[in-house]
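Could you build all of it, start to finish, from the sequences and the hints given here?
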Amino acid sequence: MKLRSLSILAALAGLVGCGGSASSPATSGSTANIPNITGNWELLETSTQAPYTGDATTVGVYLASTEGAISGDASFAPVCSSVCLWPSSDTDIDPYLTGSVDANGNLALTSQFPDGAAPAFAVTAKTPGTTLENGTYTITYNIGSSDVVDQGTVTGSMIAPVNGSYVGTVVSSTTDKPMAVTATLSQTAAADNLGYLYLNGSVAFTSSWCFGNTVPVSFPITKVNFIGNSFRADILAPNTGVVLVILTGTISPVGSGSPSTSAQTLTVGYTMYYDCTDSGYGTLTLQ
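One rule links them: number in our numbering = place in the sequence shown (from 1) + 1.
Hints may be right or wrong, so weigh each one.
[Stated by the list, open to error] Quick list of the computed label-pair ranges, beta carbon to beta carbon:
1) 266 x 216: 22 to 30 Å
2) 219 x 261: 23 to 31 Å
3) 239 x 67: 20 to 28 Å
4) 68 x 216: 47 to 55 Å
5) 134 x 32: 20 to 28 Å
6) 168 x 32: 38 to 46 Å
Simulated from the structure, these hints should not be mistaken for lab results. Ideal placement from N, C-alpha and C gives every residue a C-beta, glycine not left out.
The following block contains the structure:
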């Protein structure tokens, strides 16, 4: 659920450059060296404020950048949700973001909702293009005051797109035997207007204890929306809408190659609801 009662404020700290001069924000005349950070991101926030010290939460965010101008959507559950989302009963926040990145990789994101309501989320960070470094965040609650209710560090990585044939084995937690899996998947090129990406394709299972098959049995997946590095795919029985398999997974980040290069690995788990119940885990590799 999108919680639009969240205001997001971000400040960009001035960094000292060569000769002791402060770096300046990106301008229309200095766009050549601005990193293109368009893509799907997974951030990790770790709190340094009591009573949440050491608590961490992940932030999925899709960012689109054009010559330093940024827009995007994020989704996460802050560790201070019982305080900083009060009086709402929601545990997740899904802010819409705008901001900028300059030629030095200094990143600033802001989001202002019409009601200007609390809480406020602020991030400062550095990005060379596919990672986020030296980041900090604060969450303040601005009803009558600006008390900081959580703060900490932020790191992150751009997540590689999921396109291609992924093959591997998963091991049943019931029988301890392997099952071959082939997932043929394609990801939408950009997020929709709510910030979500989608997966389409099919998944084939071989030597399944539940299916009792020695040849691949393939099923289409429903259109899966996700953000960040985690996804869930419901695999339905043909013509019935009954869930046969739930496939969950995490996606590898962008490596040293181009951000458009497909993810090399998917770490997956499955739960089957056929004539029997089974579950297990494994790794699929891009072919």
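Hints versus structure:
In this structure the hint that residue 266 and residue 216 lie 22 to 30 Å apart at CB holds, the actual value being about 26 Å. Taken as a hint, the range 23 to 31 Å holds for the pair residue 219 and residue 261, whose Cβ atoms sit roughly 27 Å apart. Between residue 239 and residue 67, the C-beta spacing of about 43 Å breaks the proposed range 20 to 28 Å. The hinted window of 47 to 55 Å between residue 68 and residue 216 holds, with their beta carbons roughly 52 Å apart.
Taking 20 to 28 Å as the suggested C-beta distance range, the pair residue 134 and residue 32 conforms, at roughly 22 Å. Residue 168 and residue 32 have their C-beta atoms about 41 Å apart, which keeps the hinted 38 to 46 Å range intact.
Checked against the numbered hints given earlier, the structure breaks only hint 3 and satisfies all the rest.
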